Amino acid sequence: MMPRPKIVAALIFLLSLHLAILFAGFVAPQDPAVQNRDFPFVPPTRVHFVDAGGHMRLRPFIYQWVARADGVYEYQESREREYPLRLFVPGPRYRIAGLFASHTHLFGVDAPAQIFVAGTDNYGRDQFSRILFGGQISLAAGLLATATSLFFGLSIGCAAGFYGKWIDESAMRLAELFLVLPWLYVLLAVRSCLPLHLSPAQTFLLLVAVIGTIGWARPARLVRGVVLSAKNRKYVLASRGYGASDSHLLRRHVLPHTYGILLTQAAVLVPQYVIAEVTLSFFGLGLGEPMPSWGNLLASLQQYHVLVSYWWMFTPAIALILVTIGYLGVANAFHQQLQSDSI
Amino acid sequence: MKYLERRVIHAVLLLVGVSVLCFLFSDLAPGSFFDEMKLNPQISAETVAALRSQYGLDQPLPVRYGRWVKSAVRGDWGYSLAYHSPVRSLLLVRARNTLLLTALATLLAWLIAIPVGVWIASRSGKWEDRLTLAGTSVLLSVPELVVTLGLLYWVVRTHVLPAGGMISVGFDELGLWGKFRDLAAHLAIPVGVLVLAGLPVLLRHVRASMVEVLKSPFMQAARGHGIGRFRLLFRYALPAAANPLISLLGLSVAGLLSGSLLVEVIMGWPGLGPLLLEASVSRDIYVVVGAVMASTFFMILGSFLADVMLVVIDPRVRVE
Amino acid sequence: MHRLGCVATLLSALSAFGVAGFASSTPQSPQPGEEVQVTDGQVGRYGGALVVAQRSEPKTLNPVTAADAPSREVLGRLTADLIHINRASQKTEPALAKSWTLTKDGRIFTVKLRHGLRFSDGQPFDADDVVFSFQLYLDDKINSPQRDLLVVGGKPIGVEKVDRYSVRFTLAQPYAAAERIFDSLAIMPRHLLESSYQQGKFTQAWTLTTPPAEIAGMGPFRLKAYVPGQKVVLERNPYYWKADRNQNRLPYLDELVFLFVGNEDAQLIRFQAGETDIISRLSAENYAVLSREAGSRGIELFDLGPSLEYNFLVFNLNDLGSKKLASTAAKQAWFQDLKFRRAISAAVDREAIVRLVYAGRGAPLWGNVSPSNKFWVDQTLPHPPRSIDQARELLKSAGFSWRDDGALLDPRGQPVEFSIITSSSNTQRTKMATIIQDDLSKLGMNVHVVPLEFRAVLDRVFQTFDYEAAIMGLGGGDADPNPEMNVWLSNGGTHLWHLGESKPATGWEAQIDQLMQKQMVQLKYKERKHLYDQVQEIVAANLPYVFLATPDIVVGAKKNLANFKPAILDPNTLWNVEELYYPSGAHAGAKP
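Residue numbers (the numbering used here), protein chains in the order written: chain A, 1 to 343; chain B, 1 to 320; chain C, 1 to 592.
Hint data in this document are derived by calculation from the structure and do not stem from the laboratory. It is possible that part of the hints are untrue.
Taking lysine to any residue and the SDA-like style, the derived pairs with C-alpha atoms no more than 25 Å apart in a straight line are [claimed, not checked]:
{"no.": "1", "chain 1": "C", "residue 1": "K374", "chain 2": "C", "residue 2": "N446"}
{"no.": "2", "chain 1": "C", "residue 1": "K141", "chain 2": "B", "residue 2": "P217"}
{"no.": "3", "chain 1": "B", "residue 1": "K126", "chain 2": "A", "residue 2": "A33"}
{"no.": "4", "chain 1": "C", "residue 1": "K112", "chain 2": "C", "residue 2": "S196"}
{"no.": "5", "chain 1": "C", "residue 1": "K431", "chain 2": "A", "residue 2": "Q202"}
{"no.": "6", "chain 1": "A", "residue 1": "K165", "chain 2": "B", "residue 2": "Y55"}
{"no.": "7", "chain 1": "C", "residue 1": "K442", "chain 2": "A", "residue 2": "A33"}
Every beta carbon over 10 Å from chain C, so not counted as near; a handful from chain B, in silico [said to hold, decoys possible]:
{"no.": "8", "residue": "H10"}
{"no.": "9", "residue": "T132"}
{"no.": "10", "residue": "G164"}
{"no.": "11", "residue": "S216"}
Model, not experiment: these values are computed from the prediction. Ideal Cβ placement from N, Cα and C applies to all residues, glycine included.
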């Protein structure tokens, strides 16, 4: 089947987002954990093309922020020196996927100035860098949870649909129970049971695997539906008549039908689970300091003074929305492809 | 009749299963209700231990479960450690507040989704359809949390609507119309968020199933007979498209008690959500079990209703 | 006054439709024979309602069993005690007791009650009510959280009626500042509660759904209505036993409404929108935001200086013998080394904590007594400035070394790595942990911050001991050292760093035990201060806790609220609610 242009476009968009996040170390100008204690809650750096004398410049530049004497967390630009924006600058060291180390960053400015594309948080950490690195955690969480859900959903749904009878009955009853479970309480219990010597990142991934395990019920039902209808098709019956074993039937005839469902489900579940992480952090159950994740980046908005005064703390929401749009676009495209295929 | 019986028994078994799971998990989670007192230097450890045994918290799990079942059957549904009162009275008031919110939001969402969905299905492929689909995509992409925070920010800045709660302080002194207006003002944002969250999915499903039906031969035949467009859509196509929508309606009913937790907590709406959150954080276990059971009940009610309605509305199901 | 009279008549006519026998809440002039307490505050005018937001709902209206803060905040306005601590002066003053005497040996306390007072339902108050109330507090089947306050020297306080208006309390041993015990011990009406007590049903009495007619107290307000999940409304107690200089019976306010809003930010939103009149315990950043709008919104903000609470880093020094916590036990070798703790204390950037966590509105701490506790703080305690170099020196002299990549190694060559747990719901302490994590990384330590749900933290600190270090906070109750006994006594229930000691584990802990016991029975302030100073010095030298910082108490109120005198002791804003009034006509509170 020739993938439609829509699918290709959606996949490219998604891929570029993921690449930017994967190469966060390169794209981000700062280290996400470095606290600039003199610059808490700094607004995004303004990029200028016109200098103080009114001249237009080809290369954009920035001024450094300085704290104002009056008021807390108030800043103004210091017109003392201009710092031109440069590409491929040296900066803090980083590793890509833990393998490839470098210290070249996509863009930046000369020391001692720093560029804060999306402002800073309470500790003076660059929000833009944190959003990129946070994306690594949040996306990994979403993908891992989705994989878990789909794994269980596929196995149980297949078994239920293919073998039928009491396996089917019990699997579906179990699914109903899971659909109705008290999520929050389970998470509270599991979170507090975890041993302390796990790093925060590991703790969180484990937690996310739990969400994934609870979420198998809906994919399982869908898979079961597909398997049921595939099982009764004429060519499957014929194949069985020829003496094909169960596993052969499953592999060759039934499973391929589930791929479409699985892909669509994956595209729908990933953003859902990423949003689940955001919600977890909202209740304070999410990833701990100093690891950034979109959830705990947004959690600071619960505080009134942040909500009202520091609008740039909303920017992680943009990243979240972009990812959701990307995945939903892919899901839509797959869905349409599936429909056109089955007709 | 046998079908109904089976479903009822099944529902009861499900409720029992959930209650057992709830108890199990509450045991897993460390800490108990009276732990906070330990941090107070003016309360001795003996008093804390005495309080624990006074409320039977040091009994083994099966004993506690048994006592809870007895209390449930009696109508109390357990005893709240924090409020020193039966869980039932707590739950009823909060559930009423939540239902007010969610029922209104669900009703509104459906009232919008059906006519709009039917209409854009009839214009499939044209600019109205594309625009609406794009709109729903946008809505789907913005998580409920962000929408709520955004609206909260707007309200705090402009003071156009109240920023939380269910009624104003001076509610009792208002006349009937004043009370209605006050309640509506407080409902506006939470209901708005829930409608915005639920509408896209509903709209898409209505559209999808209508599009299916509109393609089918009998619709072509009806069009050939020259039946008017309005009648065609609502009298012929919609009932045929109703099957998957009924299940969706069941899901809507199922989520009536549990779907609004986030909105209630952020906007301070005094519903089941904040009660459940506070109780689960402070380990007021019987309140948690009661609240979870209540939302499970609605889940079961929802799917049951959906099944019954399907049988009534769709003759094809009866034949099968 | 004429208008007030009409309103009063109207009110009494309206309330006649209410519960029979429940008098209207217009204030009655003091009767002859009634020994009213005259306040010396500014004379005000009657009328208006005060609206206050609470973070969560009160759970009960029973003062004997109430343990949570919102319940106590409401109950404090409904009830009165025998001897009260004036929140502004921090000294005791007569309340329901007009005078008291203490025998020279400090063991027998005789209290004389005011004559002619009545409960909020009009029934008379006398010594029988006092004796009954203490029966409730001391009953070991009711297990009141306040019971342990009344156990001195291992024995519960003895209470006996001397005559209709006198009660005698007997203590097993002399107790310094004994009169402070009586603060916030509400006196309960015998006529309403005796029967339920005798039937053994007292713990179910006075829940939130109890009808207002069945609840009575000696406080400035009485219960009018409770709307579940939303608010509780109090109305003036027409029999309240305080009056102003012109013999006008207090309180001035007609109503006091508590709204339940869910969390601090919701509290703030309501206050900023003008829906509530007072806000207490404002965080510093919210103070900054509000102060920008204060003028235009008719709000006034007050920074009262450092609070009495103290936040600290505590290391797990418990005996882990029987528990299977091998890795924690291994790390205790570091925690038990005083030089290690001193190095950590030297490396922590307290100024940054005050600046980043409290936006500058706080004070760094090197001891458990806050600088605003003027009567008890040891002024001679050293406040060493932050020094990474000094910390490194201390570690070196303790046998620690550094690897090439900067990681700190202990004397056995193991890298120093540990975790700090905090309550995830307390953003300030989590922020402190993050700052400390960064500070200690400059020493080469690898520190993890693990925010856990509050109850999980309590469980680990008190029960399972499954933690390495934690950031906690204590204090803030009273300025007097006695409530801190359980924190510093080696067998105390909140002796967090080493719980369950049957005898003191170290020489300095034994010293602290002796000093605290001595100051508890020392009746003279100067000697007590000297003893408590020594305790503070020993604590500062041995660092069982690395003290961090304390926030300022920041409150706000509408400008048109008069007699508003916020204080550092809890309840910061409502302690003098009976004196609050609105000078200008209508209450500018909730919008209809």
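The hints, checked one at a time:
1. C:K374 to C:N446: Between K374 (chain C) and N446 (chain C) the Cα gap is close to 39 Å, so the pair fails against 25 Å, i.e. violated.
2. C:K141 to B:P217: Distance of about 78 Å is beyond 25 Å: violated.
3. B:K126 to A:A33: The hint is violated at about 50 Å.
4. C:K112 to C:S196: Roughly 28 Å separates the two Cα atoms, so the pair is violated.
5. C:K431 to A:Q202: Judged against 25 Å, a Cα distance of about 21 Å means the pair holds.
6. A:K165 to B:Y55: violated (46 Å)
7. C:K442 to A:A33: Distance of about 14 Å is within 25 Å: holds.
8. H10: Per Cβ check, H10 (chain B) is outside 10 Å of chain C; nearest 34 Å; holds.
9. T132: holds (35 Å)
10. G164: Violated, because the least Cβ-Cβ distance between G164 (chain B) and chain C comes to about 5 Å, which does not exceed 10 Å.
11. S216: Holds, since 50 Å exceeds 10 Å.
Violated hints, in rising order: 1, 2, 3, 4, 6 and 10; the structure is consistent with all others.
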